[in-house]
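Chemist: Chain by chain, the residues run as shown.
2 protein chains.
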Amino acid sequence: MFQRIAAVLLFCGLILSPAYPAAVDEGMYPISEIMKLDLRSKGLEIDPAEIYSTDRSLIFAIVGVGATGSFVSPDGLFVTNHHVAFGAVQAASTRENDYIRDGFLARTRAEEIQAKGMTARITESFRDVSAEVLSSVLPGMDFAARTKAIEKRTKEIVAQTEKDNPGKRAEVSEMFTGKTYILFIYTYLKDIRMVYVPPRSIGEFGGEEDNWMWPRHTGDFSFLRAYVAPDGSPADYSPQNVPFKPKRFLRIQPRGVDEGDFVFLLGYPGRTYRHSAASFLAFEEEVRMPYVVDWYARQIDLMEKMGAGDRGVALLHASRIKGLANTMKNYRGKLKGMKRLGLVERRREDEKALQRFIEADLERRERYGTILTDIAAVYDDNRASFGSEAILGYLGSSVNLLGLASTVHEAGIERPKPDLEREPAYMDRNFPRVRQRLMLGLRNHYEPTDKAVFRELILKASKLPEASRIKPLDEALGGDFSETAIGGYLNKMYAGTRLNDSRFVEKLLEMTPGELAKVEDPFLDLARALYPDVLELREKQKARRGALDPLYARLSDVKELFLGKGFIPDANGTLRLTYGRIKGYEPVDAVDYSPITTLRGVIEKTTGREPFDTPPALAELFEKRDFGAFEHPRLRDVPVCILYDTDTTGGNSGSPVINARGELIGINFDRTYEATINDYAWSEEYSRSIAVDIRYVLWVTQKFGRADFLLKELGL
Amino acid sequence: MFQRIAAVLLFCGLILSPAYPAAVDEGMYPISEIMKLDLRSKGLEIDPAEIYSTDRSLIFAIVGVGATGSFVSPDGLFVTNHHVAFGAVQAASTRENDYIRDGFLARTRAEEIQAKGMTARITESFRDVSAEVLSSVLPGMDFAARTKAIEKRTKEIVAQTEKDNPGKRAEVSEMFTGKTYILFIYTYLKDIRMVYVPPRSIGEFGGEEDNWMWPRHTGDFSFLRAYVAPDGSPADYSPQNVPFKPKRFLRIQPRGVDEGDFVFLLGYPGRTYRHSAASFLAFEEEVRMPYVVDWYARQIDLMEKMGAGDRGVALLHASRIKGLANTMKNYRGKLKGMKRLGLVERRREDEKALQRFIEADLERRERYGTILTDIAAVYDDNRASFGSEAILGYLGSSVNLLGLASTVHEAGIERPKPDLEREPAYMDRNFPRVRQRLMLGLRNHYEPTDKAVFRELILKASKLPEASRIKPLDEALGGDFSETAIGGYLNKMYAGTRLNDSRFVEKLLEMTPGELAKVEDPFLDLARALYPDVLELREKQKARRGALDPLYARLSDVKELFLGKGFIPDANGTLRLTYGRIKGYEPVDAVDYSPITTLRGVIEKTTGREPFDTPPALAELFEKRDFGAFEHPRLRDVPVCILYDTDTTGGNSGSPVINARGELIGINFDRTYEATINDYAWSEEYSRSIAVDIRYVLWVTQKFGRADFLLKELGL
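Residue numbers (my numbering), protein chains in the order written: chain A, 697 to 1412; chain B, 697 to 1412.
Any given hint could turn out to be false.
As the list claims (entries may be wrong) - Distance condition first, Cα-Cα at most 20 Å in a straight line; then the derived EDC-like pairs of lysine to aspartate or glutamate: (1) B:Lys-1035 - A:Glu-1202; (2) A:Lys-1301 - B:Glu-1282; (3) B:Lys-1035 - A:Glu-1316; (4) B:Lys-1035 - A:Glu-1300; (5) B:Lys-1399 - B:Glu-1282; (6) B:Lys-1032 - A:Glu-1300.
Since the hints were derived computationally from the structure, they do not count as laboratory data.
Generate coordinates for the entire structure from the input sequences, incorporating the hints supplied.
Modeler: Right, dumping it as structure tokens:
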């Protein structure tokens, strides 16, 4: 769940993804690689060309919505996850019309309401621009300069392409680190509307407790519709707009699938780190992930205590706790999986074999002999300074008011620059979303929590060794980190700031640098004082990346030599295909998970309390065994969720699960706990993804939602 | 786990089993009923007579040891659970020789050491004494008098039988409530010694976390040996004693069993309440079990807080927490199961049908018309006074010093009486164990906890309604239940008592009533003040029982009429047979439990920390795949635990699991969480029991324990 890609990098966000290692193999195939797969022999019954290489190929039915969706009617109707549409549904909800609690159904086109903040992108074309990008790197450039040169050239290509293709959006995606760059051209649809969203008690059934778990019983789907201007071009919301006509939409197979059936997925998986160096995996396992798990657990604990006696406060924290808990559980799953599979050790063994291969030949040794140790040295450097880098990062991302102040301050510096020279977050194409996010964060701001979180970070900072102190904090507190001193400092900060006033923040964001410089606010002052550290850190990260990129590019070369075959690049938010079969697994000794859950399981889990508060009307339908056309013949019940061994990661949320004949039979929404490890390695035994079965989607829509007209639009 | 029967009822212990409802059907067959079963058609391959009706029948291989064990060699060697021998192993352990931690192995007979507190009983014969017992009930007796008359006659029969059978022990067991009484004659062996006990990290692997759970990986077994005097008669421990020669011992089948195989168990199941009245089940579900769960959870919470910073204190509480947690989890499982199966509702439906049957005939209506409402009225009375009765009971059982004082006080009254007239706990046959238990309780006494528990009960008592106040407490506190008043009262009590001194308690137990009356101690004073309430409560319970007994006897009659068949009596601590098959189950939708776990699962669960701290030597054997003769051919691993659908309950711990040819293939030690409901109902879907597989017993003994000579004694 919540596998969306965070599209915008804010403040020091980069700290948390300290490496972009090279990619290899396993099963998230770029469109350009599908032809190399003999999918017919795997079980596909249609011509593979129908997937990717005709004017009406399946890829034109796929939409990127942060995560993924797919068109299911000629009139722009598409289906994705409930959790993908959640933010838009929340934004449309009011006290009187609580669509989160009650669900939403538009009985006519006129009743369809705007899904605020949602866009839908369609991949139109792509081409290799590696040579063009890499020609920007000049001999003798240092590491940071190398990274900046590539960034600059990429921005130029994007700008030129968008100029040549009005109405389209261009993106350059790095496929193999430091090696291959593909330019994608996308259509972005901006008028998206809600059609049918089930109530949370169906769409989010099981909530955080069932998150990353099997057996699963969540009806995690929503229907939305994309609109365009009457002339067919992408346009902002307008009552005059008309439904978008996709080049292709998916047919639905209402009889679903059964155990063992071939399936494939198309979607936009976010980021994987397969075949990255053992030194990176060790850094993740030993340093970064345990740190994040601890810090998130601490924040959740603080927030839960704050909200314990006060429902209003608890509600303010709900969505943040959900986000932190989601990542925390994911990381715990990963750590468990890394340990169980002995991942670092295995990778080290692989690298030893590779090293022997390298050393067996003089020329190879000359060329590649130190790659692995050079890569390890970068991560060693990262380890050494991780403590202070993490705190600096979290000051901006965990403390609301300081994050706000830092963005305001940096906007004052970046916004006056020409667009192409700005930090990405402040470019015209991204800044509106950054602002929106800031304002949303302020809406859920609760001072005592923000203070407590800030206090924790100050305490952490107070324990840093001399060499990596955060000076502005030391100065702010005059070196006195006693409880009283910190308490007094925080009281002064929060009493003196006006950044908790959204109108004031709006005003600041409009100011010229000169005006802004005159504003006095304790958080702005601290942000100004921290800014040199932030810049230094960013420079350091660019240097690390500049060092790693060519190392990983060469690692990829020598691995190809060693293994005698090419690889599939790591996931990077671009369109991919993955295939597999409907299949259960054995999570532990003597326990078998079968791959299809049923309505009976929903009733079994129902307690009447969130997150297991099945609507009574649904329970009644089960009592009456009113399964309509959607009963599984063997299970004698409506299938709810299905399990399969395809290769997915965050960003695949909402991906269509498609059968051998190219028909939609499920909507992907999660992986199992054991499959959180997918980001680092795919395991035949444990890597399983989870979809809501199309039969449950249709049954809920028809029997519970009483939206027969929708089934009609789906051609049923 | 921990399914031992509490043999001795102390103080107000009876409060917690407020009813002894009638018994019917399902599968714990008394020896006398085995002949009615067509076991050969069920899968048994030996002559059923071999089980129960020859001089060398299998029942002579079964020993009662609180729970159950079985002889496995001609020299008195028997096997039971690790948790059954736990207390004796603990008693034999010292700081230097920690047999709990390290396990125990006697390489020669001379090295076998005494298993203190353990006895082994063998069922020798039985006969129906119903007429004799019931002839003591005279017309016009009130309910309490009825109960007392039956108790008195029973004691007389026992005394006479033991006089006629020197060296044997007699017990009268009620089979059908108020209806059938069987006199059993037992041999009691009193010199039991430890032979091989695996370390706790094997014998209790998984601890409380895995308790009542599947999949299970616990090596819950111990080997012990029974000794007798050189002339073959039962005798207390003496170096001169010789191994006991059982009439029969079980042969071991080292190749074990596989899924689907027929098995049966012999053992001493404690107490079930099958086909009891719906009003009793409702009382259990709505009143008693939730109360106990809450109270136990509260006590555990208190004890855990006390022990949080102090390992020594934590150790003092360890075994009590374990006991409370065991019951709490069991009750939670029961409550969940009752809800899932809708047990009360189903029983009510059954009773409606029975009531219709009764009312359909004038004579039946006359005779049985009000039975169900009369039974319900008794439980209604129980509900009304449950609050104060429970507190009175827990004052004696949860507050160490008050329990001690109460026993000392009552011993002063009961011990001077003729033995047959004493309350059972104070009879010569039981009193030594009562004393032992008291002294053991004192060893783990920790004043701050005892005080805190007492404080909780005073607070509970302070909230009782006027009609059911506990007067002596009201008086002790002068009606002031403020924090200060309670605190002051408790400080005075604990500062002024000497009951925390075991030598002082020993002395008190030797005193004449006259001497005892002169001893001043605040806890003794309170015990004296509470004693009339305790007696009144006991009287009330006897009256309830006197009312219920004949009602249940008649209910049983009319049910037999209605159903047209006889029943199997409820479990009552007497020898029973139950049969079934090796079989997994589906605990929830899409999850299958297979019925055999393996060593791989032990390794999977191993964390290195208790209770998952597998000995490294065992993990090494797995690494080397040194499975010897005990590898399961299909699973390619050593089987560890097995699951089967026989009908068991507490007391079946240590029961031999026997295959179709009468060979030992496992040692029963637990039920699944879903099978805690067994006490009230047996369910084909969910009732599963758990044994350690004989192959794991043998593999651990041979490969890990290096006790080849034991395998030789077992005839392997």
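Chemist: Check the hint pairing Lys-1035 of chain B with Glu-1316 of chain A against an upper bound of 20 Å on the C-alpha distance.
Modeler: holds, 18 Å
Chemist: Given the proposed pairing of Lys-1301 of chain A with Glu-1282 of chain B, does the C-alpha separation stay at or below 20 Å?
Modeler: Given that 20 Å is the threshold and the Cα spacing comes to 14 Å, the pair holds.
Chemist: For the pair we were handed, Lys-1035 of chain B and Glu-1202 of chain A, check the Cα-Cα distance against 20 Å.
Modeler: Given pair Lys-1035 of chain B, Glu-1202 of chain A is violated - Cα atoms ~56 Å apart, limit 20 Å.
Chemist: Hint check: Lys-1399 of chain B vs Glu-1282 of chain B, CA-CA at most 20 Å. Holds or violated?
Modeler: violated, 34 Å
Chemist: Is the hinted pair Lys-1035 of chain B and Glu-1300 of chain A satisfied, with a Cα-Cα distance of at most 20 Å?
Modeler: holds, 11 Å
Chemist: For a C-alpha distance cap of 20 Å, please report whether Lys-1032 of chain B and Glu-1300 of chain A respect it.
Modeler: Holds: Lys-1032 of chain B and Glu-1300 of chain A sit about 11 Å apart, inside 20 Å.
Consistency note: the structure conflicts with the earlier hints numbered 1, 5.
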